[in-house]
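Colleague: Chains as they are written, first to last, in my numbering: chain H, 1 to 343; chain R, 1 to 343; chain Y, 1 to 325; chain D, 1 to 325.
It is worth saying that the hints were derived from the structure and are not from the lab.
Worth double-checking, as some hints may not be accurate.
[Said to hold, decoys possible] DSSO-like cross-link-like pairs, simulated, lysine-lysine; straight-line CA separation at most 30 Å:
hint, chain 1, residue 1, chain 2, residue 2
1, H, K51, H, K292
2, Y, K180, R, K180
3, H, K267, R, K180
4, R, K39, R, K267
5, D, K202, H, K123
6, H, K180, D, K51
7, D, K196, H, K180
8, R, K180, Y, K39
9, R, K39, D, K180
10, D, K39, R, K276
11, H, K180, R, K267
12, R, K123, R, K180
13, R, K267, D, K39
14, Y, K51, H, K39
15, Y, K51, R, K152
16, Y, K180, H, K267
17, R, K267, D, K51
18, R, K51, D, K39
19, D, K180, R, K267
20, R, K51, D, K180
21, D, K202, D, K253
22, D, K51, H, K152
23, Y, K51, R, K123
24, Y, K180, H, K276
25, H, K292, H, K39
26, H, K51, Y, K39
Now for the letters of each chain:
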Amino acid sequence: MATTVKRKPKAASAAVTEIDRDTRLRLYQLQLELRYCEKRAYDLFLQNLIKGTSHLALGQEAIAAAFGVAMRPDDWTFCTYRGHAHTQARGASMEGVLGELMGRVCGLLKGKGGSMHLTDVEKGAMGSYAIVGAHLPIAVGAALSAQYRGTKQVAVCFFGDGTTNIGAFHEALNLAVVWKLPVVFVCENNLYMEYTPISAVTAVEHPAADRASAYGLESIIVDGNDADEVYRVAQAALARARDGDGPSLIEAKTYRHSGHSRADPAKYRPPGELEKWLERDPLKIYRERLVKLGVSRQVLDDMEAEAMRQVDAATETAKASPPPPLELIDRDVWADGGSSWRN
Amino acid sequence: MATTVKRKPKAASAAVTEIDRDTRLRLYQLQLELRYCEKRAYDLFLQNLIKGTSHLALGQEAIAAAFGVAMRPDDWTFCTYRGHAHTQARGASMEGVLGELMGRVCGLLKGKGGSMHLTDVEKGAMGSYAIVGAHLPIAVGAALSAQYRGTKQVAVCFFGDGTTNIGAFHEALNLAVVWKLPVVFVCENNLYMEYTPISAVTAVEHPAADRASAYGLESIIVDGNDADEVYRVAQAALARARDGDGPSLIEAKTYRHSGHSRADPAKYRPPGELEKWLERDPLKIYRERLVKLGVSRQVLDDMEAEAMRQVDAATETAKASPPPPLELIDRDVWADGGSSWRN
Amino acid sequence: MAELTYRDAVSAGIAQEMRRDERVVFFGEDVAEAGGVFKTTVGLLEEFGPKRVRDTPISEQAIIGAAMGAAMTGLRPIAEIMFSDFFAVCWDLVANQIAKTRYMTAGQVTIPLVLRTANGGGVRFGAQHSQSVENWAMAIPGLKVVAPSSSADVVGLMAAAVRSDDPVLFFEHKFLFGNKGEVPDGEHVDELGVAKVVREGKDATIIALAAMVPRSLAAAQELEADHGISATVVDVRSLVPLDTRTILGEVAKTGRMFTVEENPRLCGWGAEIASIAAEECFYDLDGPIVRITTPHVPLPAADALEDATIPSVARIVETVRTSMG
Amino acid sequence: MAELTYRDAVSAGIAQEMRRDERVVFFGEDVAEAGGVFKTTVGLLEEFGPKRVRDTPISEQAIIGAAMGAAMTGLRPIAEIMFSDFFAVCWDLVANQIAKTRYMTAGQVTIPLVLRTANGGGVRFGAQHSQSVENWAMAIPGLKVVAPSSSADVVGLMAAAVRSDDPVLFFEHKFLFGNKGEVPDGEHVDELGVAKVVREGKDATIIALAAMVPRSLAAAQELEADHGISATVVDVRSLVPLDTRTILGEVAKTGRMFTVEENPRLCGWGAEIASIAAEECFYDLDGPIVRITTPHVPLPAADALEDATIPSVARIVETVRTSMG
Ligand SMILES: Cc1ncc(C[n+]2csc(CCOP(=O)(O)OP(=O)(O)O)c2C)c(N)n1
Ligand SMILES: Cc1ncc(C[n+]2csc(CCOP(=O)(O)OP(=O)(O)O)c2C)c(N)n1
Ligand SMILES: [Mg+2]
Ligand SMILES: [Mg+2]
């Protein structure tokens with residue numbers, strides 16, 4: 001699948017620029033880390049060490065990884081409940097992620113938020129939002145802050161195909177364009193909202209790209225399983241935002257290998273669909289490309305082993321971490337650290 | 001201004017069909033009634049007989065009138081606080097309208113709703129909604145009911161340019177298309193939201209028409225000050241809906257002669273703008289056309305006198321009507337007629 | 001009598017009403033093909049077909065608006081809002097449109113609909129998927145508000161809600177979905193606005209709702225067994241209409257009132273009922289009215305934290321015991 | 001001391017803070033070029049320019065979301081929601097995002113913002129433009145809630161709200177916009193969470209907010225003059241944080257408590273404060289706690305109906321008199 005673009009001169013769409021070897025290795029490394037860590041999360045469910053819900057992005061790693069590599073350290077990420085990868089891709093620690101899923105005090109949120117709200121402000125991971133659409137306007141606000149303060153920071157906002165049908169999507173896109181804000185909207189079209197195919201509930205074929213013109217934006221579709229393609233589009237959109245040319249809306253075509261959430265066996269998929277997409281697994285694609293580009297198998301094997309080692313270490317740390325102390329219940333409602341509503 | 005249309009085969013856009021003399025006279029008569037009644041409302045403010053707020057549609061009558069004439073009696077209208085004309089155009093009585101504005105018991109809502117909520121269910125005027133955007137999804141629901149029951153009724157939903165930037169607009173349009181519902185969305189683009197030019201807060205030039213493609217709909221722009229043009233577009237859209245071909249989105253270009261609401265002197269308008277639009281006053285356009293088509297001035301003068309007579313009579317009735325009795329406060333919260341929340 | 005889970009009682013209740021009345025249609029996100037994310041609507045699409053049972057986009061305003069418009073024009077829709085927290089994205093349609101339109105139009109419009117939702121905490125879903133927001137609804141004139149605690153009540157109150165000509169918000173409790181209970185055979189229809197005395201006692205009256213009902217019952221048993229305190233437990237079931245007769249009557253009998261609610265501390269339904277008592281049966285009270293609530297914090301996610309935040313059996317026992325002591 | 005209308009006090013308060021702190025930006029619908037539909041923000045665009053004072057589209061979710069995102073990243077935004085009823089179209093951003101994010105992230109995020117709005121009835125705007133929804137906000141953990149009754153409080157509490165590192169919902173009352181009052185010269189900064197005893201009495205304590213404060217004062221005068229009942233009046237000013245010390249202290253002194261609120265009957269702030277008293281100063285009470293509220297109906301529009309629905313001086317007098325009699 002090639003990147004397709006319609007209309008408008010100053011495009012956020014990808015120029016065919018070269019990506020150097022180091023960048024490529026970082027892209028692979030990051031995809032490995034995201035993949036292995038989420039696979040571990042899956043194992044931890046099965047061991048009943050993760051309670052509540054959890055939403056894996058297995059198969060969608062190329063997008064988070066490409067942006068993670070392309071973004072400046074002081075840029076901001078806003079993502080969803082399916083945000084483990086996006087948060088980690090900004091540098092949040094694996095034990096912070098796994099610990100939060102397991103409800104341990106070493107978790108990014110000390111267990112207070114849970115899997116759907118991963119946040120690491122120091123790393124620019126400005127939060128995972130669990131109500132569909134809410135974070136799009138919030139990302140717009142961060143972009144307003146960057147514009148106002150002249151910092152050239154960019155807010156990147158990830159969301160799913162299903163999110164394009166909620167009102168907040170529309171309001172956020174319009175305001176971002178009206179104020180020409182440095183924000184990049186990334187729709188990860190994985191074909192399904194929860195269990196319902198996006199095509200069954202959407203008036204257009206490409207839920208994001210076919211709406212871009214409603215905000216005077218160009219229509220950008222990228223192969224979300226190809227980290228290089230996403231990286232190029234990301235660089236262009238980030239540059240456009242930094243140059244003061246306003247927002248972009250990118251639709252990345254992808255697929256989640258597992259169900260919507262922990263509870264979902266994904267029986268609604270037509271037979272053969274998953275298999276077809278597994279052929280296009282972003283890690284598989286990327287490994288093959290690196291091999292073709294002359295990276296030795298040994299280097300790749302080492303990278304894989306290293307990622308696994310990190311995940312193992314993080315798992316041990318998280319498992320050893322205690323549950324959060326009960327006094328945290330009354331902490332941090334307010335900026336003074338407390339929760340008191342009376343004198 | 002001609003009707004412009006982009007894309008799509010089965011169009012709700014106007015074919016250049018002939019409009020017969022009788023229809024034309026009804027269109028004029030209705031525009032007169034709407035105009036004179038609202039002008040009277042304005043006079044009644046000045047006499048302090050109308051309290052609270054009130055939103056006139058002086059200058060926008062062609063749209064309400066054209067749909068009023070084109071719709072079937074059992075079709076449904078959903079409109080906004082600026083809904084006197086739309087409600088009256090379905091057959092609601094002038095004293096019902098003026099009485100409601102004056103807070104009298106003869107009002108359409110017995111004084112309980114006020115000017116922003118005019119409703120006459122018997123006439124298919126299903127309500128005026130005062131929170132921007134809310135009635136679009138409600139109209140979608142009425143269309144669902146028509147589709148489900150197979151009645152071929154159509155829901156027509158009027159709203160302003162500013163409304164295209166709120167989330168409910170987006171959700172309603174998408175769902176209407178997904179379910180292929182018999183609903184006609186009519187955006188009356190009068191260039192301003194309240195006091196702010198729509199162009200200052202909207203990402204595209206044509207707030208509705210430029211968004212039609214985001215729902216797979218054709219882009220339709222019509223001269224909203226020409227009742228014939230609107231009538232043709234209305235007929236086509238209503239037919240399309242009745243034939244089971246789904247919704248339409250129409251952008252009607254128009255202008256309000258007065259301020260946004262009672263409190264607004266409309267100082268934000270650039271000099272000369274109002275004057276330019278007064279040249280294109282729908283009543284003026286229409287009278288000239290009728291004269292050109294051979295209708296005698298005497299017939300037109302008589303129609304005008306008759307409309308004025310009706311307004312005068314309604315004014316007297318409304319003035320003579322008492323304020324609503326206090327027992328209405330506790331009525332009609334519930335379907336049993338009462339308001340009791342306990343036993 | 002059949003034994004049904006609370007979960008299955010939901011679809012049973014809806015199916016009972018859809019069989020009876022063609023005007024009842026049902027829609028929401030993932031409710032049709034998938035049978036709902038909580039599996040509360042399994043089988044409805046199969047039985048009633050795609051015209052009556054529909055999947056929607058993620059468009060809560062459109063869902064609620066569509067339900068309202070359909071209800072105004074002859075249907076009796078049931079719409080699902082997947083988690084009650086999401087009422088916040090469509091509250092205008094609920095609180096400003098559905099609740100007020102009949103009144104504002106002097107009765108011209110009737111809006112017979114049911115908005116069902118999964119409410120409440122206890123399942124580690126975190127602060128945006130665990131709220132108890134029945135108090136948001138209770139605060140809005142024009143809405144009826146129901147929250148069943150048992151399988152039988154799910155069916156019976158669902159039927160009453162669907163048959164009501166007024167809009168009803170129907171709060172199903174996530175924590176109860178797996179609970180089993182007897183449901184009367186044949187058509188089962190209950191009544192809105194009737195509280196139930198689920199345990200009779202002499203010393204104190206505990207007023208509870210939804211998941212707090214079984215917890216209050218367990219607490220009452222422990223209070224009796226371990227502390228010799230005999231407590232009445234009232235299941236409110238319906239916040240609007242509110243059965244003040246039963247509630248105040250039971251309070252007057254014991255002279256002590258406790259409310260147990262999942263709402264955060266401020267402005268929950270417990271405050272409302274406590275205030276009614278403080279005004280209307282002040283002279284029957286032998287001591288302070290005590291509310292047992294979630295503290296005024298968003299709900300934390302980790303198991304230990306969540307369990308210590310929502311009122312527990314232990315906290316109910318402890319609070320009643322100390323206040324009576 | 002300058003005399004300012006409540007309306008002009010709004011822009012004065014905002015301007016005072018914008019002069020002091022560059023991080024304060026302000027936006028909303030029709031607030032800049034037009035100075036606001038209530039003319040509460042006249043002159044701000046002229047003084048602070050279009051980078052800091054911005055008109056928005058009709059997109060309340062985007063407005064509130066933008067305020068939140070900006071607040072998380074270094075600004076201190078003030079956003080306007082034109083009528084408080086419209087919080088219903090953006091309640092998710094307020095109740096689920098702004099209120100909870102700091103807590104959920106274990107304090108990683110600070111959200112210093114002010115959401116201002118025109119609240120309350122009395123101006124014939126009908127049920128969708130007249131609500132008193134400060135109780136909606138009070139029910140949500142994580143929001144501070146302020147409602148001034150005088151010009152001085154508008155300025156002083158606005159300053160406190162802007163300087164607070166927590167999100168504050170600031171309820172300006174439509175009915176008070178034309179009222180004049182003294183405002184201290186120079187920088188005026190008040191404190192959140194401090195109630196004010198605006199009249200001291202011996203027999204009863206009336207707890208009021210916003211437009212109900214002048215009305216309660218008038219009622220207290222009439223009660224004293226015509227019925228020999230001497231009433232304390234407390235202006236709550238801040239619902240969160242709540243000055244329970246002052247409120248309960250004043251209730252304890254007189255032994256009788258009345259709340260006067262515009263909220264509809266069920267789950268208003270009056271219920272909350274009454275319940276606190278029923279628990280914490282039960283033994284100080286000499287009689288029932290009585291709430292004076294709008295009945296549980298949407299607000300009707302016609303003058304006669306609206307005036308008879310919102311608590312009036314006459315109704316306050318009558319209710320207190322009868323309950324004390
Ligand atoms: C307002 C709202 N409605 C419904 C949900 C329940 N929900 C959670 S995820 C989801 C599907 C989202 O689909 P999409 O945007 O495609 O993202 P994906 O899960 O595929 O990454 C739904 C309906 C929600 N969280 N918020
Ligand atoms: C959700 C919401 N936000 C703001 C308002 C206040 N308001 C009333 S009318 C209006 C302007 C609407 O503009 P438009 O849609 O163009 O309609 P017009 O008044 O021009 O007919 C605004 C902002 C409202 N009623 N509802
Ligand atoms: Mg998806
Ligand atoms: Mg307009």
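Colleague: State for each hint whether it applies.
Modeller: These are the hints, each one checked on the structure:
The straight-line distance between the Cα atoms of H/K51 and H/K292 is roughly 42 Å, outside the 30 Å bound, and the hint therefore fails. Straight-line distance between C-alpha atoms of Y/K180 and R/K180 comes to about 41 Å, which puts the hinted pair past the 30 Å bound. Distance hint between H/K267 and R/K180 is fulfilled; the C-alpha atoms sit about 28 Å from each other, no more than 30 Å. Distance hint between R/K39 and R/K267 is fulfilled; the C-alpha atoms sit about 20 Å from each other, no more than 30 Å.
Distance hint between D/K202 and H/K123 is unfulfilled; the C-alpha atoms sit about 59 Å from each other, more than 30 Å. For the given pair, H/K180 sits about 12 Å from D/K51 by alpha-carbon distance, which is consistent with the 30 Å threshold. Under the criterion of a C-alpha separation no larger than 30 Å, the hint pairing D/K196 with H/K180 is inconsistent with the structure, at around 46 Å. Under the criterion of a C-alpha separation no larger than 30 Å, the hint pairing R/K180 with Y/K39 is consistent with the structure, at around 28 Å.
A hinted pair counts as satisfied when its Cα atoms are at most 30 Å apart, and R/K39 with D/K180 does not qualify at roughly 35 Å. Under the criterion of a C-alpha separation no larger than 30 Å, the hint pairing D/K39 with R/K276 is consistent with the structure, at around 29 Å. Under the criterion of a C-alpha separation no larger than 30 Å, the hint pairing H/K180 with R/K267 is consistent with the structure, at around 28 Å. Of the pairs offered as hints, the one joining R/K123 and R/K180 holds, with about 25 Å between alpha carbons and a cut-off of 30 Å not exceeded.
Only pairs whose Cα atoms come within 30 Å are accepted, and R/K267 paired with D/K39 is accepted, the gap being roughly 13 Å. A C-alpha spacing of about 40 Å is found between Y/K51 and H/K39, which places the hinted pair above 30 Å, so the restraint is violated. Annotation: proposed proximity of Y/K51 to R/K152 holds, straight-line Cα distance about 16 Å (limit 30 Å). A C-alpha spacing of about 26 Å is found between Y/K180 and H/K267, which places the hinted pair at or below 30 Å, so the restraint holds.
Restraint check: the Cα-Cα separation between R/K267 and D/K51 comes to about 23 Å, which is no more than 30 Å; the hinted pair holds. At roughly 19 Å between alpha-carbon atoms, R/K51 and D/K39 fall within 30 Å of each other, so this suggested pair holds. At roughly 26 Å between alpha-carbon atoms, D/K180 and R/K267 fall within 30 Å of each other, so this suggested pair holds. A threshold of 30 Å between alpha carbons decides the hint, and for R/K51 with D/K180 the separation of about 23 Å falls inside it, so the pair holds.
Restraint check for D/K202 and D/K253: satisfied, since their Cα atoms lie roughly 7 Å apart, inside the 30 Å limit. Restraint check for D/K51 and H/K152: the C-alpha separation of about 16 Å stays at or below 30 Å, so the hint holds. For the given pair, Y/K51 sits about 28 Å from R/K123 by alpha-carbon distance, which is consistent with the 30 Å threshold. Taking the CA atoms of Y/K180 and H/K276, the gap is near 42 Å; set against the 30 Å cutoff, the hint is violated.
Only pairs whose Cα atoms come within 30 Å are accepted, and H/K292 paired with H/K39 is accepted, the gap being roughly 27 Å. Annotation: proposed proximity of H/K51 to Y/K39 holds, straight-line Cα distance about 19 Å (limit 30 Å).
Against the hints set out earlier in the document, violations occur for numbers 1, 2, 5, 7, 9, 14, 24.
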